[in-house]
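Undergrad: The lines below spell out each chain.
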Amino acid sequence: MDEKGLHLLIDEVKQGRVSRRQFIQTMVGLGLTAPLASQMLTYSGVAQAQAKSTYKPTKRGGGGALKVLWWQGATLLNPHFAIGTKDQDGSRIFYEPLAAWDTNGDLVPILAAEIPSTQNGGLSADGKSVTWKLKKNVQWHDGKPFTADDAVFNWEYASDPATASVNIGSYKDVRVEKLDSHTVRVHFQKPAPFWADAFVSTRGMIIPKHLFDAYRGAKSRDAPANLKPVGTGPYKFVDFKPGDMVRGQINTNYHEPNRPYFDTIEMKGGGDAVSAARAVMQTGEFDYAWNVQVEDEILLRMEKDGKGRADITAGGNVEFIQLNPTDPWTEVEGERSHAKTKHPLFTDPAVREAMNLLVDRQAVQDHIYGRTGVATRNFLNNPQRFRSKTVKWEFSVDKANQLLESAGWKRGSDGIRAKDGKKLKLVFQTSINAPRQKTQAVIKQACQKAGIEIEIKAITASVFFSSDVGNLDTYSKFYCDLQMYTTTMTQPDPEIFMDQYVSWLVATKENKWQGRNIARWVNDEYDKAYRAAQSELDPVKRAALFIRMNDLIIESRTVIPVVFRPRVSTVSNKLRAPLSGWDSDFWLLKDWYREA
Amino acid sequence: MGRYFLRRLLIAIPSLLGISLVLFTVLALAPGDPFEELATNPNVPAEVRANLRTQFGLDDPVAVRYVRWFSSMTKGDWGFSFVSRVDVDKLILQRLPVTLFVIGSSQLLALLIALPIGVYAATRPYSLFDQVANTFAFIGFSLPTFFTGILFILVFSIQLDWLPFVYRSDIAETGWRWWWEHARQALMPIAVLGLFQGASWTRYVRSAVLDVIRLDYVTTARSKGLGEIAVVVKHVVRNAMIPVVTLVALQMPAIFGGAIVTEQIFRVPGIGSLLISSILANDTPVIMAVTFVLSCLVILFNLLADLLYGWLDPRIAYR
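Just so you know, the protein sequences line up as chains G and V, in that order. So for the first sequence, numbering that gives the first Met the number 0 puts the first residue at 0; every next one is plus one. So for the second sequence, numbering that gives the first Met the number 0 puts the first residue at 0; every next one is plus one.
Honestly, I wouldn't trust all of these hints.
[To be verified] Lysine-lysine pairs mimicking DSS-like chemistry, simulated, CA-CA at most 25 Å apart:
1) G:K177 - G:K208
2) G:K341 - G:K306
3) G:K58 - G:K127
4) G:K527 - G:K341
5) G:K227 - V:K89
6) G:K143 - G:K55
7) V:K74 - G:K218
8) G:K456 - G:K527
9) G:K218 - V:K89
[To be verified] Here chain G is said to cover these stretches of chain V; the calculated rule only asks that three of the stretch's residues, wherever they fall, bring their Cβ under 8 Å from a Cβ of chain G:
10) 40-52
11) 72-86
12) 145-158
13) 164-176
14) 196-207
15) 268-275
Bear in mind the hints are in silico, worked out from the structure with no lab data behind them. Keep in mind it's a predicted model, so treat the numbers as computed, not measured. C-beta: ideal position from N, C-alpha, C; glycine also.
Full structure from sequences and hints, please.
TA: Encoded structure:
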């Protein structure tokens, strides 16, 4: 679908002939994320559908204790220092952002009175500013009022390099201005197609000015409130033991009626994923367990006990294989897999095409991942129910054989194909993780039938994913023919996700292999499309660019997506917990309740 | 005795210095830092990590960092955790009560099992009781704790649904309910550790008592017409306890060190789980503090064991 088609489709949504949901489904089929599709509509003047709340309790409190289990416990409770998801989740019990992402990728106001749009004047026509109206009558847990000063302070705090906030990326290039006591305007240096970053979601949690003002910059570690958060959230702070327990109690002044439902919350940390799932689904000791990376087979067995269920929420994470376009076995200028070199075998498109035909994604889904990994062709993914029917991939050993044969790769006496004295022998690396080794075996077997010999290499995850410059086995060095891992999409906008293939971010010795383009695939058209998307304000044109980028990567056959990996949590059967694949597990903690 | 004690304490200082130096160097040589996770997060600019490294002094040479760590350690400042940014002593004190309670009780349980069973089995070698006790002891110390732990969870939590398997240090109850809940959740970890330790100590006690019980002075005591209980308790056990005391005393530092595997299985927030999560996160100040305290304890209890010998067996003299 090109730009014109998109415009036509949006017009149909405006006139009501196509539903909002259908539109998002179509866009997702094209490889776009739901949040982006939803933003396209907002830009084009289609009002944001007001998500209907399914919250039932009619009074505040009385729900008893909510017990949740994180197998990695939160280690700190200042969202600006959060090292991983666990810390963001722990902070989210007490702190709130202006808006959050729901599972369809729509923005939901939390501390904002409304979501900025072109109709309500929140979005400027030139795309260089966005105006947020803050909710009035919101109180911090200590009774002080929440105002625009707090929002401005968070920008100052996070954008100061001396604070070393992990959220600096969202704040350093913007300027925040206070318009009145409950309105702030975020100014961008250049037109920002994706404006919902500062003050939104996990990096948008707002800490109180009156408690952190004295602890800016280098003094940030000394703030007593780092360990005793005072926020606006549904639960007030009670006690915190790093790595073990976060406890909260009901905030009786919460800014929404009848919320929250529970009287106390306990977030226990530690242990392992399997026993966490057990504590929810088999013994019922806990109501909810986070990020249950457990084989689907085990989850299904535990679900039979009838106490809990696995909640599978689609996000953008994808397990994929990279075919190294550079030569991993020759050292050039002190590094292997140097961007200037060419891979001896993968330069032949027939070999890459054959590899693509030999990855049996359906078998990987059916026999290895089950519901926790769904076969995919796209690099950008979303829930299965939104999956386009037109997108196809194929598994065929015969076709691969024909292809290689006609390209001149002849079988030798050992059954391995060769051409010009080069044998089709490849080394395939990934981290040690049972499903990954099983996937490797599936691919190895198929390749063997096609006359390609695969040598399997499995590396301890802590080494494989480390940024240690001295180690040869890290994924970013990619000193190997093929490798497989999951790339995560931490943000619902694809700009930061799709930068994994731009030429200026190729991982090299010079940038200590910190470059995001680990696949080392370089393409002029892709670069141009990416640059254009960065400054393209028209969301429709921008979407068309991202679609093109996705297709370019897939068609190059240097990247083979295997399965997309939704988030898996286990939830007690009685607990109603709205989850989102685009935000923290606690994005809507205020609406969690237990059914009688 | 006083001079001996002083001399031993003085000897301990260079060994502690050496230990801390080796620990620090090894940790400094290990790759990675606590902010590894930030490096793989595309939303976090690389400068943040660099900034944190400089702020926490990770870019300084190892020697400088060691001297800095050592001088503040001697002043009682243990530094702060790079991960949670909480002072290390606070973190350790948070974990200590649970560790002392769980591991301490398990060692106590082990002693309560090992002493009577071991002594009784030794007084009747190769009897039915001895055979049964031996069999169980062998089973007990052949099964690793991670296996028995999971087995206990499967039986008592999942099949029978009697006991919780997630340990919570804060229980929102008061009065007898609080005690009851604590006892219920501590039962499995204590039993797993206690039975394992008890099994090996039973074997040890048995052989120690067997060595003594055949000696002539025991026969003399019996022929004097002393009761069997008096013979065993006053004459046999006291002498047999010398090697056992060493073993138990050397085990004591472990009470503070926690039990890494068992703590992980039952989610006991003890020192062991603090140590393992700090190691996984490359949180040097916490690893240093925990291991250093442990090495101090090992040295201290070694000394204690030596002093106890003298009390148990006055023939041993200190020079």
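Undergrad: If a hint holds in the structure, say so; if it doesn't, say that too.
TA: Status of each hint after checking the structure:
{"no.": "1", "hint": "G:K177 - G:K208", "result": "holds, 14 Å"}
{"no.": "2", "hint": "G:K341 - G:K306", "result": "violated, 55 Å"}
{"no.": "3", "hint": "G:K58 - G:K127", "result": "violated, 42 Å"}
{"no.": "4", "hint": "G:K527 - G:K341", "result": "holds, 23 Å"}
{"no.": "5", "hint": "G:K227 - V:K89", "result": "holds, 15 Å"}
{"no.": "6", "hint": "G:K143 - G:K55", "result": "violated, 29 Å"}
{"no.": "7", "hint": "V:K74 - G:K218", "result": "holds, 22 Å"}
{"no.": "8", "hint": "G:K456 - G:K527", "result": "violated, 36 Å"}
{"no.": "9", "hint": "G:K218 - V:K89", "result": "holds, 20 Å"}
{"no.": "10", "hint": "40-52", "result": "holds (count 10)"}
{"no.": "11", "hint": "72-86", "result": "holds (count 6)"}
{"no.": "12", "hint": "145-158", "result": "holds (count 3)"}
{"no.": "13", "hint": "164-176", "result": "holds (count 6)"}
{"no.": "14", "hint": "196-207", "result": "violated (count 0)"}
{"no.": "15", "hint": "268-275", "result": "holds (count 3)"}
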